[in-house]
Amino acid sequence: MAYKPQYYPGNTSVAKNRRKHMADDVEKMRDISDEDLTAILGHRAPGSDYPSTHPPLAEMGEPDCPVREVVEPTPGAAAGDRIRYAQFSDSMYNAPSVPYWRSYHAAINFRGVDPGTLSGRQVNEMRERDLEEYTKRQAETEMTDWGLAGLRGCTVHGHSLRLQEDGVMFDMLDRRRLEGGVIVMDKDQVGVPIDRKVNLGKPMTEAEAAKRTTFYRVDNVAFRSDKEVIEWTQRIWELRTKYGFQPKA
Amino acid sequence: MVRTAKVTDKLKQVKIFPQRLLQPETAEKLLNELDQVKGVIRMLISGKNLPRKITCGPGTGKDVNHPDRIIIHVSGCAFELHVIVGEVLVEVEDESAVEELRKACERALPFPFEMKRGYFIKTKPTLTDFGKYGFKSRTDETINLEDERMLGLVDPHAKLETNICMVKAEENP
Chain A
1 MAYKPQYYPG NTSVAKNRRK HMADDVEKMR DISDEDLTAI LGHRAPGSDY PSTHPPLAEM
61 GEPDCPVREV VEPTPGAAAG DRIRYAQFSD SMYNAPSVPY WRSYHAAINF RGVDPGTLSG
121 RQVNEMRERD LEEYTKRQAE TEMTDWGLAG LRGCTVHGHS LRLQEDGVMF DMLDRRRLEG
181 GVIVMDKDQV GVPIDRKVNL GKPMTEAEAA KRTTFYRVDN VAFRSDKEVI EWTQRIWELR
241 TKYGFQPKA
Chain B
1 MVRTAKVTDK LKQVKIFPQR LLQPETAEKL LNELDQVKGV IRMLISGKNL PRKITCGPGT
61 GKDVNHPDRI IIHVSGCAFE LHVIVGEVLV EVEDESAVEE LRKACERALP FPFEMKRGYF
121 IKTKPTLTDF GKYGFKSRTD ETINLEDERM LGLVDPHAKL ETNICMVKAE ENP
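In order, the protein sequences belong to chains A and B.
Each residue of the first sequence is one higher than the last, beginning at 1 in the working numbering.
Each residue of the second sequence is one higher than the last, beginning at 1 in the working numbering.
Note that these hints are calculated values from the structure, not bench results.
Take the hints with a grain of salt, since some may be wrong.
Claimed, not checked - Taking lysine-lysine pairs in the DSBU-like style, the calculated list, with each CA pair at most 35 Å apart, reads: (1) A:Lys211 - B:Lys116; (2) A:Lys136 - B:Lys48; (3) B:Lys38 - A:Lys202.
Claimed, not checked - Sample of chain B residues at the chain A side, in silico, Cβ under 7 Å: (4) Cys56; (5) Gly57; (6) Val167.
Said to hold, decoys possible - Chain A is nowhere near these chain B residues, computed Cβ spacing over 10 Å in every case: (7) Leu21; (8) Asn32; (9) Ser46; (10) Glu100; (11) Ala108; (12) Phe120; (13) Leu127; (14) Asp129; (15) Glu146.
Keep in mind that this is a model prediction, so the values were computed, not measured.
All residues carry an ideal CB built from backbone N, CA and C; glycine is no exception.
Just chain A, same shape as in the assembly (with noise of 0.2 Å):
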């Protein structure tokens, strides 16, 4: 039998939805077209070429090296792209991502990847054409509610804010808004205007998005009604205790 790795204990819908996230198990929900990423995501024109830092791989002789031979590169990397971002922030009013496991679906499920986790946002690194298609994975699946999400390069605020009356996430900068029951984008992830209304789809109902969520709420699924997961953070914690207790010092 292949062996089938378990990502996350617990057996609460937050821990399956947890789980599918990591291994990339994830639903798709919505279509966006390659130029409407490349667009919101402002690193280049739609339909230009990837600038480069340096030449293909394939072109540059690289030394003779084990390690190389045994690790193919990604195509980004051996087209020689620019290392760019993306960067989302999630409501804890039950979006369906927590940074943290945006981190970790990058890091599991694809390679070259630098991720960046922080309290309310994911910022994640990588070779530029290689990122389109992680941003583009994330942001047409159950991984994003863009009601409750934002592709937000700076002024990220409103991750820990109440939601807005029509129940999307703040945005200072007004990127992306409620328009005739679609999220529509007509900003960069920077705020800088871009010549289309990007339709994100409809967000996700409140039941929808509870039902989807990998937050712990109180008011949702309670992080201490799922006895396995509390066992197993206890045992981790206890075993890094441990571990970092050094008597002589």
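Fit chain B to the known structure of chain A by using the hints.
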């Protein structure tokens, strides 16, 4: 708001904390309802800033044009919202007005809200205020401010004129 009320130690302050951040229309409705309550001395709205321009990142200097940054009218006085309203602090003359405030909120807000009583806006000048306004004279060491209700309503570095709205000021001497 009444201008004849005196600042005394018996004042009550209430924080109105809605479950959602208010759209300008709801904020306008709420403030107008609160303004109709007898005994309201002053109100302070606060929330998250709606900047006119982007202040950081590669887009610095570009206009934001946030749709919630609009002019609202409260009791005939127009002012531009600089924040998305998250809470309203209200100071009233006495306890009897608090229940009326609750009824006003129930009329204006389509979702739940919390009301907390406490001390949210300062009523006595502090060192910072004396630094900004100074003494009245060499012999009178009270603060050089015509109306002490201004205290605590704006940041010490902000300008009074652009941040305070005097409602019905012309009706009173």
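request  = Grab the minimum beta-carbon distance between Glu146 of chain B and chain A and tell me whether it stays above 10 Å.
outcome  = For Glu146 of chain B, whose nearest Cβ neighbour in chain A is about 35 Å away, the distance exceeds 10 Å, so it holds.
query = Does the no-contact call for Ala108 of chain B survive, Cβ to all of chain A over 10 Å?
reply = holds (12 Å)
query = Taking only the CA atoms, is the gap from Lys38 of chain B to Lys202 of chain A under or equal to 35 Å?
reply = violated (44 Å)
key: 10 Å Cβ clearance of Phe120 of chain B from chain A   = Fine: 18 Å to the nearest Cβ keeps Phe120 of chain B off the interface.
Interface hint for Val167 of chain B, Cβ within 7 Å of any Cβ on chain A = violated (25 Å)
inquiry  = Just to be careful, I want the Cα atoms of Lys136 of chain A and Lys48 of chain B compared with a cutoff of 35 Å; is the pair within it?
reply    = Holds, at roughly 30 Å.
message = So if I understand the rule, the pair passes when the alpha-carbon distance is 35 Å or less; does Lys211 of chain A with Lys116 of chain B pass?
response = holds (32 Å)
query = If you take the shortest Cβ to Cβ gap from Gly57 of chain B to chain A, is it below 7 Å?
reply = holds (3 Å)
message = So Glu100 of chain B supposedly isn't at the interface. Is its beta-carbon more than 10 Å from every beta-carbon in chain A?
response = Given a closest Cβ separation of 24 Å, the condition holds.
inquiry  = Over 10 Å from every CB of chain A: does Leu127 of chain B meet that, or does the non-interface label fail?
reply    = Since the minimum Cβ distance to chain A is about 31 Å, Leu127 of chain B lies beyond 10 Å and the statement holds.
Leu21 of chain B remote from chain A - nearest C-beta pair above 10 Å = violated (5 Å)
message = Tell me if the interface restraint on Cys56 of chain B is satisfied: Cβ within less than 7 Å of some Cβ in chain A.
response = holds (5 Å)
The structure fails hints 3, 6 and 7 (numbered hints given earlier, in ascending order).
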